[in-house]
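Trainee: Given chain U, work out where chain W should sit, using these hints.
If you want the building blocks of each chain, they are given just below.
2 protein chains.
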Amino acid sequence: MITLYDSAISGNAYKVRLILSHLGIPVRRIEMNVDDGSTRRPDFLKVNRNGKVPAVILADGSALAESDAILYYFAEGTPLWPTDRLDRARVLQWMFFEQYNHEPTIAVVRHWIAHLGKTPESEPALPAKIAAGYRALDVMEEHLQAHPFFVGGSYTIADIALYAYTHVAHEGGFDLGRYPAISAWLKRVATQPGHIRITD
Amino acid sequence: MITLYDSAISGNAYKVRLILSHLGIPVRRIEMNVDDGSTRRPDFLKVNRNGKVPAVILADGSALAESDAILYYFAEGTPLWPTDRLDRARVLQWMFFEQYNHEPTIAVVRHWIAHLGKTPESEPALPAKIAAGYRALDVMEEHLQAHPFFVGGSYTIADIALYAYTHVAHEGGFDLGRYPAISAWLKRVATQPGHIRITD
Numbered sequence: 001m002i003t004l005y006d007s008a009i010s011g012n013a014y015k016v017r018l019i020l021s022h023l024g025i026p027v028r029r030i031e032m033n034v035d036d037g038s039t040r041r042p043d044f045l046k047v048n049r050n051g052k053v054p055a056v057i058l059a060d061g062s063a064l065a066e067s068d069a070i071l072y073y074f075a076e077g078t079p080l081w082p083t084d085r086l087d088r089a090r091v092l093q094w095m096f097f098e099q100y101n102h103e104p105t106i107a108v109v110r111h112w113i114a115h116l117g118k119t120p121e122s123e124p125a126l127p128a129k130i131a132a133g134y135r136a137l138d139v140m141e142e143h144l145q146a147h148p149f150f151v152g153g154s155y156t157i158a159d160i161a162l163y164a165y166t167h168v169a170h171e172g173g174f175d176l177g178r179y180p181a182i183s184a185w186l187k188r189v190a191t192q193p194g195h196i197r198i199t200d
Numbered sequence: 001m002i003t004l005y006d007s008a009i010s011g012n013a014y015k016v017r018l019i020l021s022h023l024g025i026p027v028r029r030i031e032m033n034v035d036d037g038s039t040r041r042p043d044f045l046k047v048n049r050n051g052k053v054p055a056v057i058l059a060d061g062s063a064l065a066e067s068d069a070i071l072y073y074f075a076e077g078t079p080l081w082p083t084d085r086l087d088r089a090r091v092l093q094w095m096f097f098e099q100y101n102h103e104p105t106i107a108v109v110r111h112w113i114a115h116l117g118k119t120p121e122s123e124p125a126l127p128a129k130i131a132a133g134y135r136a137l138d139v140m141e142e143h144l145q146a147h148p149f150f151v152g153g154s155y156t157i158a159d160i161a162l163y164a165y166t167h168v169a170h171e172g173g174f175d176l177g178r179y180p181a182i183s184a185w186l187k188r189v190a191t192q193p194g195h196i197r198i199t200d
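Residue numbers (the working numbering), protein chains in the order written: chain U, 1 to 200; chain W, 1 to 200.
Isolated chain U, as found in the complex (with noise of 0.2 Å):
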């Protein structure tokens, strides 16, 4: 049995949970609280040295962290994993366009506004996440305006990948009602076999 180090309010958990499903494959989920500090003590250290959630333990007991390199263990031999090497290649680079430009803006927007409120410290740098979550939504507006999915035609870990936090937008006040190539996609993410929501 797989174990998900795990949080309800995480898009980067969900994205474990989401995959999980699609592939029948059963977890056992352990919450952990990401604010308070849970995820920094000894014990879940070494699980992931690096502190976040999620996390994975395997049958063998290996750990292995980082939702979207999860996403790759799970995926490598299904058709969420494309067989083209140049398509895999697009399926990183949109994964990595979501570690970097989208999860720092999107989720930490959402995650201040929705979760922990704003604070002295958060509030001076929301315009600038806000402006640049924006531009991460702009890039995938004119992908998706001539793509039904990220990469190759059909739904792989990249649609996963840049659901998770994208679906949950609004909850950061992002106003998805200007992207309706993106709104599109939104639905056809969530009427493939296994969907889960992110409250599921």
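These are computed hints drawn from the structure, not numbers from a lab.
One or more hints might be untrue.
Pairs involving identical chains hold if they fit within one copy or between any two copies, as the list cannot separate such chains.
What the hints assert, rightly or not - Listed below are the simulated EDC-like cross-link pairs for lysine to aspartate or glutamate, each with C-alpha atoms no more than 20 Å apart in a straight line:
1) K46 x E141
2) K129 x D175
3) K129 x D84
4) K46 x E142
5) K46 x D87
6) K46 x D138
7) K118 x D35
8) K187 x D200
9) K46 x D35
10) K46 x D60
11) K118 x D175
12) K118 x E171
13) K118 x D36
Since the model is a prediction, treat every value here as computed from it, not as a measurement.
Mentor: Frame of chain U, contents of chain W only:
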């Protein structure tokens, strides 16, 4: 012939030059200015809609961006990409760590200090970026105390990804003298066949 949209001061671009040197693949370099808006002009946005270097044009005319996705593309099928599935996922774990925790702190501080100079916008953000950079170095140091390379006992693209900005971290004021395991690893990386310097 492969074309690289390059930048002499970018560690991300250096990763691509370094793997191509290891693999003996010739490349045509187009130097881009990363500070004057050149990467946001329409002609370059056709290459990488996300407006960043490095990006490559492959022999068939296809474009590929995101330094670590480019590393994957060239590494597949070589000793730089492991044969074991969990090792492959762990290479990606370290590469996502690099893009999320290491590059936005260590590379950004270096760029601000060594290239742009401190500005009224960057100066207030510096202490937090420097602290986060040291936390990333702490994670690397602890791992390298027990391992000669990041994954599987041999040199992979995880090492290339993390070497790029670690070996010039002192240009941003980071004191690598505190990190003997990182320092020994930097020397091991620099003796790999085909190694080139960032200034080559």
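Trainee: Does each hint fit the structure? Answer for all of them.
Mentor: The hints, checked one at a time:
no.: 1; hint: K46 x E141; verdict: between (40 Å within a copy, 15 Å between copies)
no.: 2; hint: K129 x D175; verdict: within (14 Å within a copy, 29 Å between copies)
no.: 3; hint: K129 x D84; verdict: neither (35 Å within a copy, 38 Å between copies)
no.: 4; hint: K46 x E142; verdict: between (42 Å within a copy, 11 Å between copies)
no.: 5; hint: K46 x D87; verdict: between (35 Å within a copy, 18 Å between copies)
no.: 6; hint: K46 x D138; verdict: between (39 Å within a copy, 14 Å between copies)
no.: 7; hint: K118 x D35; verdict: within (14 Å within a copy, 32 Å between copies)
no.: 8; hint: K187 x D200; verdict: within (17 Å within a copy, 49 Å between copies)
no.: 9; hint: K46 x D35; verdict: within (19 Å within a copy, 41 Å between copies)
no.: 10; hint: K46 x D60; verdict: within (16 Å within a copy, 45 Å between copies)
no.: 11; hint: K118 x D175; verdict: within (19 Å within a copy, 34 Å between copies)
no.: 12; hint: K118 x E171; verdict: within (13 Å within a copy, 34 Å between copies)
no.: 13; hint: K118 x D36; verdict: within (17 Å within a copy, 33 Å between copies)
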